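S.K.: What follows is each chain in one-letter form.
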Amino acid sequence: MSISRNDIDHVARLARLALNDEEKDLFTAQMEAILSYAETLNELNTDGVIPTSHAVPLSNAFRPDTATPSLGIDLALSNAPDRSGSYFQVPPVIE
Amino acid sequence: MELFDYTLHHLHQLLKNRQLSSRELTSALLGRIEAVEPQINAFITRTVDQALQDADQADQRIASGDCQPLTGIPVALKDIFMTKGVRTTCASRILDNFIAPYDATAWSRMKEQGAVLLGKLNQDEFAMGSSCENSAFGPTRNPWNTACIPGGSSGGSAAAIAARQAIATLGTDTGGSIRQPASHCGCVGLKPTYGRVSRYGVIAYASSLDQVGPMTRDVTDCALLLQVIAGYDPKDSTSVDTAVPDYSTALTGDVKGMKIGLPKEYFIDGLDPAVQQAMDQAIARFRDLGAELVPVSLPHTGYAVACYYLIATAEASSNLARYDGIRFGHRTQNPSGLMELMMQSRAEGFGAEVKRRIMLGTYALSSGYYDAYYLKAQKVRSLIQQDFSAAFKQVDLLLTPTAPTPAFRIGEKTSDPLQMYLSDIFTIPVNLAGICAISLPAGISGDGLPVGLQLVGRPFGEETILQAAYAFEQSTEWHHKKAAL
Chain R
0 MSISRNDIDH VARLARLALN DEEKDLFTAQ MEAILSYAET LNELNTDGVI
50 PTSHAVPLSN AFRPDTATPS LGIDLALSNA PDRSGSYFQV PPVIE
Chain X
0 MELFDYTLHH LHQLLKNRQL SSRELTSALL GRIEAVEPQI NAFITRTVDQ
50 ALQDADQADQ RIASGDCQPL TGIPVALKDI FMTKGVRTTC ASRILDNFIA
100 PYDATAWSRM KEQGAVLLGK LNQDEFAMGS SCENSAFGPT RNPWNTACIP
150 GGSSGGSAAA IAARQAIATL GTDTGGSIRQ PASHCGCVGL KPTYGRVSRY
200 GVIAYASSLD QVGPMTRDVT DCALLLQVIA GYDPKDSTSV DTAVPDYSTA
250 LTGDVKGMKI GLPKEYFIDG LDPAVQQAMD QAIARFRDLG AELVPVSLPH
300 TGYAVACYYL IATAEASSNL ARYDGIRFGH RTQNPSGLME LMMQSRAEGF
350 GAEVKRRIML GTYALSSGYY DAYYLKAQKV RSLIQQDFSA AFKQVDLLLT
400 PTAPTPAFRI GEKTSDPLQM YLSDIFTIPV NLAGICAISL PAGISGDGLP
450 VGLQLVGRPF GEETILQAAY AFEQSTEWHH KKAAL
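Just so you know, the protein sequences line up as chains R and X, in that order.
According to numbering that gives the first Met the number 0, the first sequence is numbered sequentially starting from 0.
According to numbering that gives the first Met the number 0, the second sequence is numbered sequentially starting from 0.
I should point out that these hints are in silico values taken from the structure, not numbers from a laboratory.
Computed from a predicted structure; not experimentally measured.
Relax, there's no trap hidden among the hints.
Pairwise CB distance ranges (calculated):
{"hint": "1", "chain 1": "R", "residue 1": "Ala60", "chain 2": "X", "residue 2": "Leu417", "range": "34 to 44 angstroms"}
{"hint": "2", "chain 1": "X", "residue 1": "Glu111", "chain 2": "R", "residue 2": "Thr65", "range": "20 to 30 angstroms"}
{"hint": "3", "chain 1": "R", "residue 1": "Thr65", "chain 2": "X", "residue 2": "Tyr369", "range": "34 to 44 angstroms"}
{"hint": "4", "chain 1": "X", "residue 1": "Tyr369", "chain 2": "R", "residue 2": "Ser3", "range": "13 to 23 angstroms"}
{"hint": "5", "chain 1": "X", "residue 1": "Gln49", "chain 2": "R", "residue 2": "Ser3", "range": "51 to 61 angstroms"}
{"hint": "6", "chain 1": "R", "residue 1": "Thr67", "chain 2": "X", "residue 2": "Lys258", "range": "40 to 50 angstroms"}
{"hint": "7", "chain 1": "R", "residue 1": "Asn59", "chain 2": "X", "residue 2": "Arg321", "range": "19 to 29 angstroms"}
{"hint": "8", "chain 1": "X", "residue 1": "Pro294", "chain 2": "R", "residue 2": "Phe87", "range": "50 to 60 angstroms"}
{"hint": "9", "chain 1": "X", "residue 1": "Gly301", "chain 2": "R", "residue 2": "Phe87", "range": "46 to 56 angstroms"}
{"hint": "10", "chain 1": "R", "residue 1": "Ser77", "chain 2": "X", "residue 2": "Gly252", "range": "49 to 59 angstroms"}
{"hint": "11", "chain 1": "X", "residue 1": "Val293", "chain 2": "R", "residue 2": "Ala60", "range": "32 to 42 angstroms"}
{"hint": "12", "chain 1": "R", "residue 1": "Lys23", "chain 2": "X", "residue 2": "Glu33", "range": "41 to 51 angstroms"}
{"hint": "13", "chain 1": "X", "residue 1": "Leu417", "chain 2": "R", "residue 2": "Asn59", "range": "34 to 44 angstroms"}
{"hint": "14", "chain 1": "R", "residue 1": "Ile93", "chain 2": "X", "residue 2": "Gln38", "range": "47 to 57 angstroms"}
C-beta atoms are modelled at their ideal positions from N, C-alpha and C, and glycine is treated no differently.
The shape of chain R in the complex, shown without the other chains (with noise of 0.2 angstroms):
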């Protein structure tokens, strides 16, 4: 298993992480050697093996379609960074 800077610097921008130099070094590094570990899984045969989603049984969670007390706009807002009257504020998304 190899790991280029291309793929550390593609794999960043998915998760949306501003890595430095030295963190970009260090990941590389450290993600060849747990993926190659992690690569043993490949010795199974798993053709023809259901694979989990969910520990236990779980079938779709209903409930009745009713209105129930929510939060409220303050305490929502409470821990935005940034708030204008009842939005979270933003820098511009559109120029």
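Mind docking chain X on chain R? Use the hints.
M.R.: Relative to the frame of chain R, chain X by itself:
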């Protein structure tokens, strides 16, 4: 014995009989925290004033004749649980100033009974770690030897019990994060079956694996606290709507005729001698108690850690996408635009292990690699589950070490993530299978560090493992040993 040394069930009797007030008890705990916290660092946030107010309220409630099992009992929670009006950080800079707007269900059930919250406990950031060293608030130290780690990720929850800074605590367990620290700190920790306890209001790490559980001084306390937090919650769509049994009835002390499996893959060469000795003694003890010990095999055990680190990181990368600097949490100063706001806020807010796991998980889910890593791991997970199902056709429960070694030293494994991951080798398979397990004290190493024993049960088999754990505990002295602090 000081007040802070007693068990929950003993203190409940004292409170109920009005031989003790919650005010006195809470003050004793607050004094203890003040005295030992400089050495331990188990708490991220302390709620001193609120605790004393809650204690007074509990005393009024008791005076009116209403004393529930947790009324007036001082407890503390891993900082992963939402606690309304109280700072909740998950040990991350990204949530440094986050005030929870609502309560986690597990906590609200304890609160309804009148439990007194002493504060929020240290952990690995976002529950990612096995040593409590990945905290933005500094490492917690093991009360048995402060040069050692307490285990993780619920290291603060275990250390607070061992240092007698709280009567009971809650932790969460995704790959061993309740059981491994319980083992390293000489306390009792139970990971319930997936779906047994609501995760509403618990900050998510890996949603197909995370579970909430009690950490206590002894098995009786463990059963008692599990009783309070277990049960269906419509706010958690993965919680299971099956009746909660009366766990106290399992504490009979009798294991005659019980079939206990010994999975050969867990008794490997290279097991620490102290762990090996504790296991040998535990096996002999169960035999003396009348249990039948049966060799079994869980052939895919060796693949569990690799399987786990693909699934858990993939789920984490998705769950942690919510920390974007927009609705809550840290936001970078003066970003040039929205993309930079997100990328920089996350870069500044997350620690190294969290970044590493987000990167791994994003990679494992990314186009072209999904089948090779994530899907493959989900298939191997099925094989691991099938191992357990087959074993439980022969036996009632399994006995294993909780961890391959006693607590290691602070800094010993921080430079090699893979070595750190392998310290969860005996706990991870249980999470992958979604079943329940308990760790309880079973020995002390030559260096004076606790060794834990793990008992693994069938899905919703909490009664069986509590029954066996109680019988073992009552026939040994390990639960009376205390860290000299």
